[in-house]
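Student: Since each chain comes alone in its own frame, lean on the hints to assemble the complex.
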Amino acid sequence: MNYPKELFYTKSHEWLKYEENDAAVVGITDYAQDSLGDLVFINLPEVGDAVSMGESFADVESVKAVSDVISPVTGSVCEVNEELMDEPEKINESPYEAWFIKVENVKDHEELLTADEYEKFLKEK
Amino acid sequence: MKLIFEKSYQGRGNHIFPSLDVEVGIPESAMRNRKNHLPEISENEIVRHYTELAKRAHGVNTGFYPLGSCTMKHNPKVSERVASNPKFVNIHPLQPIETTEGCREVLKRTEEYLCEITGMDAMTFQPAAGAHGEFTGMLLIKAYHKKKENYDKTEIIVPDSAHGTNPASAVMAGFEIVNIKSDKNGMVDLKELEEKISEKTAGIMLTNPNTVGLFDNNILKITQMVHDAGGLCYYDGANLNAVMGIVRPGDVGFDVTHLNIHKTFSTPHGGGGPGSGPCGCKEFLRQFLPGIRETKNGYEMETETIGNVTGYYGNFLVVVKALAYLLSIGSDGVSLSAKNAVLNANYMMHKLKDIYDVAYDRTCMHEFVLTLEKLKEDTGVSALDISKALLDYGIHPPTMYFPLIVHEALMIEPTETESKEVLNEAILAFRKIYEDALKNPDKALKAPISTPVGRLDEVQAARKPVLRYEFES
Numbered sequence: 001m002n003y004p005k006e007l008f009y010t011k012s013h014e015w016l017k018y019e020e021n022d023a024a025v026v027g028i029t030d031y032a033q034d035s036l037g038d039l040v041f042i043n044l045p046e047v048g049d050a051v052s053m054g055e056s057f058a059d060v061e062s063v064k065a066v067s068d069v070i071s072p073v074t075g076s077v078c079e080v081n082e083e084l085m086d087e088p089e090k091i092n093e094s095p096y097e098a099w100f101i102k103v104e105n106v107k108d109h110e111e112l113l114t115a116d117e118y119e120k121f122l123k124e125k
Numbered sequence: 001m002k003l004i005f006e007k008s009y010q011g012r013g014n015h016i017f018p019s020l021d022v023e024v025g026i027p028e029s030a031m032r033n034r035k036n037h038l039p040e041i042s043e044n045e046i047v048r049h050y051t052e053l054a055k056r057a058h059g060v061n062t063g064f065y066p067l068g069s070c071t072m073k074h075n076p077k078v079s080e081r082v083a084s085n086p087k088f089v090n091i092h093p094l095q096p097i098e099t100t101e102g103c104r105e106v107l108k109r110t111e112e113y114l115c116e117i118t119g120m121d122a123m124t125f126q127p128a129a130g131a132h133g134e135f136t137g138m139l140l141i142k143a144y145h146k147k148k149e150n151y152d153k154t155e156i157i158v159p160d161s162a163h164g165t166n167p168a169s170a171v172m173a174g175f176e177i178v179n180i181k182s183d184k185n186g187m188v189d190l191k192e193l194e195e196k197i198s199e200k201t202a203g204i205m206l207t208n209p210n211t212v213g214l215f216d217n218n219i220l221k222i223t224q225m226v227h228d229a230g231g232l233c234y235y236d237g238a239n240l241n242a243v244m245g246i247v248r249p250g251d252v253g254f255d256v257t258h259l260n261i262h263k264t265f266s267t268p269h270g271g272g273g274p275g276s277g278p279c280g281c282k283e284f285l286r287q288f289l290p291g292i293r294e295t296k297n298g299y300e301m302e303t304e305t306i307g308n309v310t311g312y313y314g315n316f317l318v319v320v321k322a323l324a325y326l327l328s329i330g331s332d333g334v335s336l337s338a339k340n341a342v343l344n345a346n347y348m349m350h351k352l353k354d355i356y357d358v359a360y361d362r363t364c365m366h367e368f369v370l371t372l373e374k375l376k377e378d379t380g381v382s383a384l385d386i387s388k389a390l391l392d393y394g395i396h397p398p399t400m401y402f403p404l405i406v407h408e409a410l411m412i413e414p415t416e417t418e419s420k421e422v423l424n425e426a427i428l429a430f431r432k433i434y435e436d437a438l439k440n441p442d443k444a445l446k447a448p449i450s451t452p453v454g455r456l457d458e459v460q461a462a463r464k465p466v467l468r469y470e471f472e473s
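These protein sequence lines are chains A and B, in that order.
All residue numbers for the first sequence refer to the working numbering, where the first residue is 1 and numbers rise by one.
All residue numbers for the second sequence refer to the working numbering, where the first residue is 1 and numbers rise by one.
A hint or two may mislead.
To be verified - Among chain A residues calculated to face chain B with C-beta under 7 Å, some are: (1) D38; (2) V40; (3) V63; (4) K64; (5) A65.
Said to hold, decoys possible - Computed cross-link-like contacts, BS3-like style, restricted to lysine-lysine with a CA-CA straight-line distance of at most 30 Å: (6) B:K200 / B:K146; (7) B:K374 / A:K123; (8) A:K125 / B:K353; (9) B:K374 / A:K90; (10) B:K339 / B:K77; (11) A:K123 / A:K90; (12) B:K181 / A:K125; (13) B:K147 / B:K200; (14) B:K184 / A:K125; (15) B:K374 / A:K11; (16) A:K90 / B:K376; (17) A:K5 / B:K376; (18) B:K443 / B:K432; (19) B:K200 / B:K282; (20) A:K5 / B:K374; (21) A:K11 / B:K376; (22) B:K200 / B:K181; (23) B:K191 / A:K11.
Calculated from the structure, these hints are not laboratory results.
Just so we're clear, the structure is a prediction, and the values are computed from it rather than from any experiment.
For each residue, glycine too, the CB sits at the ideal point set by N, CA and C.
Bound-form chain B, shown alone (with noise of 0.2 Å):
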């Protein structure tokens, strides 16, 4: 397929302008001295062009999406037109605060929302992405053992199953990383976490269930231990939809907490944004939270305020679409989901566990974690071989390679918004392409055959990436 540079034909365009009754009066200096390099090409060609690319992309509009750790439900389409309201996408965050009170209401209401679902007593709606509410929260940590003035608290623990932006953000706010080791059931081991656990300990950072989609039944006793040792807990919301409207990390021991809302909350995964990752916290924190706020005095910062994490009130247009979620599917429909998506991953797990290896045997979350350590050892199609056959099925792959504890992993996290059948037709898929890796291991590493480009040299992907066209003038 052509670029759209490629189809561009000098002259070519889409607008009739009227002619230009006024004088020019672009001085020179301000004149550009290169070509701009605009493609010029005709509006159905245009049209043409970004179809056939939305033809060769695969999303959750086209097919199943199981790519674990990432949520990649159903976004109701009457969420994105609540958001499109142009009441919504008109305002300005500096307008007169007495012309903006649906828009204040959006954010007082979702604080309230997402406030009951997680156990928090507040929240800011600045983090512009799950990460960022990660570095938020680990801001609010500081600042609360800064005002205690324990300057001894630098460490913050982090499993080694954990995503990665948790050590990261944890970084990034000046603190030290601990890592403690999994047990072999993938949980936190007690043992090594009180070995771990010192008078530097500032916090822990857990998800629950945590990454490889198993609930942690120690919760209770490893929220304290922290607690007993000064630190704080930190709940990356990251596999929430597991819980929601069942546990709520404020009820097992956490203080802080960001959520996810391209996951959780069905609002769209973005494709670079915008997103949101909202930052929630128990009352004594409070007084840390970033941004403008609603407070006792009015919209104002809070006394003790970590400053701004971004502009305004963050990607208000998100918070919208995950108020309309809650709305339509109701306090009932919350914990519902979470129990359709527990029961459609188990549901897959069980019906492939007998072919597959899954790396822990026992009741899963919303995702499950299969290891096809044995299968690359006979036949030597590995976890990724796996992957690119599923595209010949017109299924996404899941996450592969991840979490790193469990070898040749694949994690298949089915969403709650998928059907039986579409269940059915995914489990098989993966039981064929398996069989197939038995019998033809040849045929395996050749796939993906059906869909426009095969397997991509990924050395040269990483190392030296073409990322835009090269002009000759």
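Next comes chain A alone, as it looks inside the complex (with noise of 0.2 Å):
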């Protein structure tokens, strides 16, 4: 599995990226889709929506079940990827690419995890 070391991590495995003022890019783990399995709808929220850390802002649903994603952050959603919507295969395809939501004006972030922590912490699980 592939855990880019420029990314922060949850313990809920969502992938973080922190971009310029702020802002933060937010999408679920290599580990995540390949536990979840074949992702067949997803449901994002929208633009202007409030996302709080530790508190669900979209699900994911595979053949198996459906599942809550947890955001890292809290601040306002300014850019949603619509794309899902159509081929949430892509998530499976490709999780880093497949980002989910842009959160800007971040105030709080829950425990983020390095790589090599994330790695770590599922070797533990």
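Tutor: Below you can see the structure in the form of structure tokens.
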């Protein structure tokens, strides 16, 4: 499995990339997409919605189950990757290109892990 | 296999009608202007078509069906016979009440027996299925708090292992959901519960035994904690089969319950219905029950009823089957069924746990959960692949990937109606599949090979399902 060094990770299996001006991009990790299996539907928030760290902001449905996606940050949604609504399989194909949302005015964040720490966390699970 | 529409041949039929001796008076405006697309096919071809379909399907009449959490027990044929008695079948809910004595007796006695089993004081048969019963129960809790003017009580506590219908039913009734995590033994985490309980707590929804097939020993403490906060306790009857005749939800602090009588009381699982999910409650909630019921003043609505949740008396014939089941097994049979269900599950678990990883290694109730995480890591063979391989042994796969708190889960519920010989055969199959998966993982990934269809495209089936035949004209 692949965990790019430039990203941060959460224990609930989301990845986070900081961008300029207190913005952040969020998606789910390679481990998450692999455990979920083939994704068939995704529900995303709308631009302007508020997200809070530790709370669900989207859900993904695979052939196995529906799961919440937890926001690692508090802020407001400024961009949504609408493409995923029609092609959720992109999350399975390339989880780090298939970003879910971009959040601006990031105020707070959950405990974030580096790639190494996340891999260690997965091994200990 | 061809669809029945593909077997259709224009002009072919089954009936020879007598010639028309009255004037046809259907006005042009009432005539259909498109073909009605009914298959035209002879009777023996129809019989062969459906027999062929039945041969391709797997049911509890065909083989072992250990679908966890669903209690696929045998439905005694005698119950079907009783329920098909024309005196039950041809009754109408609006016929004069003095002509319905027998049916009213059925409702009254079933209510009495099910209340005795659950420790409740009253029960409604209106809900048409389990989740409908949950929703009704939530409405009772809502009506109770409204009457007490507890307007701040807006939250229902639900454990993370709960059936998905629990939070859905509570939300439908207008509550907000507060999730609590299970501890490492799959039980309600008392510390977490204490933190989540507040003045907003309207109630808690629990199954016991819980969704991983374990009995929560803290149950008295849990219900006490919720009561102390002014909340009510809701018992999801999904797993009652493990404890019926032994533990009564009403005795351990529950105020409201629903029963899945298609599971516990041996009425068929439907295939779309009709179902029945009676909802029972303690005396202090009786006034809110839905529908017309036998009250002190005759047949009428309760004083502060939540209204109707379905028409009339619910799916009455399903209730007849449940009563027939109860009368045929008797009160001793009720607890004996539960004991055998638990014995069968433990027997299977003990015969498998030297090679399969058990998610919670302790005495289980009526079902147990395996986790195939290690097998998947070592060989790439997942819970899904093991399930597919079971099809080649004529066994319906267990429930997979549920509960969500266990990874690569297989949830096995043999039920009490299977013999030791059937269990032994299934145990052999499970063991053989596991050993084969270790030796030759590729073979497991290709299973099943003996079924009419192999691996289906599950992604396409979910995203672009083809559900009906497209006619050319």
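Student: For the pair we were handed, K374 of chain B and K90 of chain A, check the Cα-Cα distance against 30 Å.
Tutor: OK: K374 of chain B and K90 of chain A at ~27 Å, within 30 Å.
Student: Does the nearest C-beta of chain B fall within a distance shorter than 7 Å of the C-beta of D38 of chain A?
Tutor: Interface hint status for D38 of chain A: holds (5 Å vs cutoff 7 Å).
Student: Take a quick look at whether K181 of chain B and K125 of chain A sit within 30 Å of each other, Cα to Cα.
Tutor: Measuring from Cα to Cα gives roughly 16 Å; hence the hint holds.
Student: Sort out whether K90 of chain A lies within 30 Å of K123 of chain A, counting only the CA atoms.
Tutor: Answer holds: K123 of chain A to K90 of chain A is near 26 Å, not above 30 Å.
Student: Are V40 of chain A and chain B close enough, Cβ to Cβ, to be under 7 Å, as the hint says?
Tutor: holds (4 Å)
Student: Under the criterion that the straight-line Cα-Cα distance not exceed 30 Å, is the pair K443 of chain B, K432 of chain B satisfied?
Tutor: Distance ~12 Å between K443 of chain B and K432 of chain B Cα, so the pair holds.
Student: Against the 30 Å threshold, does the CA-CA distance of K11 of chain A and K376 of chain B hold or violate the hint?
Tutor: It holds: about 21 Å lies between the C-alpha atoms, which stays within 30 Å.
Student: Are the Cα positions of K200 of chain B and K282 of chain B separated by 30 Å at most?
Tutor: holds (22 Å)
Student: Within 30 Å, alpha carbon to alpha carbon, are K374 of chain B and K11 of chain A?
Tutor: holds (20 Å)
Student: Between K5 of chain A and K374 of chain B, is the straight-line Cα distance small enough, at 30 Å or below?
Tutor: holds (27 Å)
Student: Given the hinted pair K184 of chain B and K125 of chain A, is their alpha-carbon gap at most 30 Å?
Tutor: holds (12 Å)
Student: Are the Cα atoms of K90 of chain A and K376 of chain B separated by 30 Å or less?
Tutor: holds (23 Å)
Every hint, counting from the list given before, is met by this structure.
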